[in-house]
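**Q** As you go down the protein sequences, you meet chains A and B in turn. Counting from 1 along the first sequence, just add 454 to a position and that's the residue number in our numbering. Counting from 1 along the second sequence, just add 454 to a position and that's the residue number in our numbering.
Do not take every clue at face value.
Copies of the same chain look alike in the list, so a pair counts if it works inside one copy or between any two.
Below, computed lysine-lysine pairings styled on DSS-like, alpha-carbon distance capped at 30 Å [claimed, not checked]: (1) K570 - K805; (2) K549 - K619; (3) K639 - K570; (4) K619 - K730; (5) K570 - K827; (6) K805 - K827; (7) K555 - K729; (8) K670 - K805; (9) K619 - K798; (10) K619 - K658; (11) K637 - K798; (12) K670 - K576; (13) K510 - K576; (14) K549 - K637; (15) K798 - K555; (16) K827 - K510; (17) K798 - K510; (18) K570 - K596; (19) K827 - K663; (20) K596 - K805.
To be clear, the hints were calculated from the coordinates, so they are not data collected in a lab.
Protein chains: 2
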Amino acid sequence: MKKFWTASLLLLATLALAACGKLSFNDTSTTSSGTKTESYQTTGTVNDALYQGVIKNGRYQISSARGLTIQQNTQGGNNFNVKSMETGLTNLAQKQFSTSKYVFQEGQLITTATAKSWLARKTDKNADGLNPEDNGQEDADKRAPMYLQSLVEQDFMTQDGSNLKLGGIAIALALNEYDYYQKVKYGATYTTTIDQTKLAEEGKQIAAKVVARLRKMDGVSADIPIIVGLYRNAARDSLVGGVFFAEATAASGDSLGSWTNIDQQNEVLPVIDNKKPINSTVATDFNSFTTQIENFFPTLAGVTAQTHYENGALTGMNITINTQFYGETEIESFTQYVGTTASKYLPSGAKIEITVQATQGIQAFLARESGAKDFTTHVFGSY
Amino acid sequence: MKKFWTASLLLLATLALAACGKLSFNDTSTTSSGTKTESYQTTGTVNDALYQGVIKNGRYQISSARGLTIQQNTQGGNNFNVKSMETGLTNLAQKQFSTSKYVFQEGQLITTATAKSWLARKTDKNADGLNPEDNGQEDADKRAPMYLQSLVEQDFMTQDGSNLKLGGIAIALALNEYDYYQKVKYGATYTTTIDQTKLAEEGKQIAAKVVARLRKMDGVSADIPIIVGLYRNAARDSLVGGVFFAEATAASGDSLGSWTNIDQQNEVLPVIDNKKPINSTVATDFNSFTTQIENFFPTLAGVTAQTHYENGALTGMNITINTQFYGETEIESFTQYVGTTASKYLPSGAKIEITVQATQGIQAFLARESGAKDFTTHVFGSY
Numbered sequence: 455m456k457k458f459w460t461a462s463l464l465l466l467a468t469l470a471l472a473a474c475g476k477l478s479f480n481d482t483s484t485t486s487s488g489t490k491t492e493s494y495q496t497t498g499t500v501n502d503a504l505y506q507g508v509i510k511n512g513r514y515q516i517s518s519a520r521g522l523t524i525q526q527n528t529q530g531g532n533n534f535n536v537k538s539m540e541t542g543l544t545n546l547a548q549k550q551f552s553t554s555k556y557v558f559q560e561g562q563l564i565t566t567a568t569a570k571s572w573l574a575r576k577t578d579k580n581a582d583g584l585n586p587e588d589n590g591q592e593d594a595d596k597r598a599p600m601y602l603q604s605l606v607e608q609d610f611m612t613q614d615g616s617n618l619k620l621g622g623i624a625i626a627l628a629l630n631e632y633d634y635y636q637k638v639k640y641g642a643t644y645t646t647t648i649d650q651t652k653l654a655e656e657g658k659q660i661a662a663k664v665v666a667r668l669r670k671m672d673g674v675s676a677d678i679p680i681i682v683g684l685y686r687n688a689a690r691d692s693l694v695g696g697v698f699f700a701e702a703t704a705a706s707g708d709s710l711g712s713w714t715n716i717d718q719q720n721e722v723l724p725v726i727d728n729k730k731p732i733n734s735t736v737a738t739d740f741n742s743f744t745t746q747i748e749n750f751f752p753t754l755a756g757v758t759a760q761t762h763y764e765n766g767a768l769t770g771m772n773i774t775i776n777t778q779f780y781g782e783t784e785i786e787s788f789t790q791y792v793g794t795t796a797s798k799y800l801p802s803g804a805k806i807e808i809t810v811q812a813t814q815g816i817q818a819f820l821a822r823e824s825g826a827k828d829f830t831t832h833v834f835g836s837y
Numbered sequence: 455m456k457k458f459w460t461a462s463l464l465l466l467a468t469l470a471l472a473a474c475g476k477l478s479f480n481d482t483s484t485t486s487s488g489t490k491t492e493s494y495q496t497t498g499t500v501n502d503a504l505y506q507g508v509i510k511n512g513r514y515q516i517s518s519a520r521g522l523t524i525q526q527n528t529q530g531g532n533n534f535n536v537k538s539m540e541t542g543l544t545n546l547a548q549k550q551f552s553t554s555k556y557v558f559q560e561g562q563l564i565t566t567a568t569a570k571s572w573l574a575r576k577t578d579k580n581a582d583g584l585n586p587e588d589n590g591q592e593d594a595d596k597r598a599p600m601y602l603q604s605l606v607e608q609d610f611m612t613q614d615g616s617n618l619k620l621g622g623i624a625i626a627l628a629l630n631e632y633d634y635y636q637k638v639k640y641g642a643t644y645t646t647t648i649d650q651t652k653l654a655e656e657g658k659q660i661a662a663k664v665v666a667r668l669r670k671m672d673g674v675s676a677d678i679p680i681i682v683g684l685y686r687n688a689a690r691d692s693l694v695g696g697v698f699f700a701e702a703t704a705a706s707g708d709s710l711g712s713w714t715n716i717d718q719q720n721e722v723l724p725v726i727d728n729k730k731p732i733n734s735t736v737a738t739d740f741n742s743f744t745t746q747i748e749n750f751f752p753t754l755a756g757v758t759a760q761t762h763y764e765n766g767a768l769t770g771m772n773i774t775i776n777t778q779f780y781g782e783t784e785i786e787s788f789t790q791y792v793g794t795t796a797s798k799y800l801p802s803g804a805k806i807e808i809t810v811q812a813t814q815g816i817q818a819f820l821a822r823e824s825g826a827k828d829f830t831t832h833v834f835g836s837y
């Protein structure tokens, strides 16, 4: 019923490291007694394109500031932003920190309290606030908007004898193109739209401050590279996340080096309200695909796609097909049909993922890697 | 972020066939005028292990009796039975009808009205009823139970010039080990438990009648093989479907040939109520895996598995891990960890599928084919 797949598996390269509590960047379980023996492991790897993750005392090291990011972001943004920012940051980091040499650890330097203070406005009581002081104005164009919505820290560890040590840091700063605010608590929501040039300017200034502060933290030596990516949140009703638009690296010290622009765009297909699509060929191809698919079954509830462009070219497409199928054989036939139709109509070259959903959950999944010709398929079965 | 996969794709082997309405097994759009030109296609194939499906006038041919099967089964059984019976029947059929020579079509011979009459009790008004006449008794041990709960028909087509013709039929008869009934409408539900020997006996008699009736239908020539599989429904609160326990083939004519026993067992792990597992090594392996996984994250909601045994040996395992993850990087690390842990603890040889679920839907997916050493992984991303 399923494809034969091939995969290379580096079997259980788990490092059972006995650490001595020296790693001060890990603030959750370091004891000051110096006698406790901690046990580090990594997740091992089944996929070379993914980092191994750090396991400490049998548990995965969750980022302490993570919950806050979410909380902040649900207020002002949407969950697509969170996912896409995290994935995007890991992608930026991979260019400098290879998955074979570095082990991934959720950010451990910036605590919840620190993140909370940084993300707030600067006030007399909160000198560390990275958002501007309130200027007392309430008008969308006159008030001082919140530029920085959330941040994500990712740590990249290298092996150091029997320990893991911090080898690199990646920081994403999520900036608001649309800053949503209330004039009265629980009141109506207003929006300050921030010009992209202004947003980049502010983001770069915030980035410089963040790097200087990180460099002063325990465990961050002067020569650990700090990558900073500036991320522009999508509007809160968007069905796709935002994009990174600039990055810089502080190879050592506080200097961030020069900024590199990142040209990314996301779009949801089909486009609505007669908007012009980013690429009309892609949009037309997608419509042809959709028409073919929708003819197949009377009970199809809809086909949508998230598309991702880099430097103007389509690099990825996540398609979701909502169905009301009943039968396993119906799903199998449909999966075959989707695969052949996708090969025929969808743009070649870009990475494509297609999920077939029903109310009971995912029914089938098809994927084609960037540059590959063939779709792999999986129909989710049940005994 | 994902594995590189290989897949063989038979590109769009769609047969654009112009039929003349001769195929009487297709009762939905055959016109009697003889002038209408119908267009047949097949789904094409992206996976050699799956059949191509028939598309007629751009639409997939749904089985007319399909809805009824579902309806009947939700009353007395559960949705796992439906899925597992359909998949199981296709698996039985594949042994005789190869996916390269035959095209799959949802059953078109048995109409809704026919299925309804067959599945009901035999009465003066319903001579075709395959379930016994009501004997007026209400006691679980004295009443005449409903043996036949539902049925599934699958048609296997071959190419015949520019047409498709019926090349084989597979029928699954879903029989009740537990027959649920009400003494009063909307009243309490009682259960008649049917002895497996008795159930097999009744099932075989029903099968003989079904084959004789099918053989008389238009379009079913004397030499078309009819496979019949006897399926035993799982109890309605089961988290896994039932199994096939016998099969026979009427190669030609009404004679069903000899019955072959099928030794299949399904089980949900972990076993509850101190029940003895089918295979204690498998159960222990699964528990070790679960313990490792549950340690990893504080927010793990549970790990369960459907297991499938054939001839006493574990052949498949569908594991579902319920999580409350937030972050994409957390899911990536977890996926790596699940993959390495599965390789270490789970039984080798059997086909294994692992889905990582959150309330938002599927987050990641891991699979290992039967006999393969390596897991393929997919983390569902978002732009």
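**Q** Taking the earlier hints as the rules, which of them does this structure contradict?
**A** When the structure is compared with the hints, numbers 1, 4, 5, 7, 8, 11, 13, 14, 19, 20 turn out to be violated.
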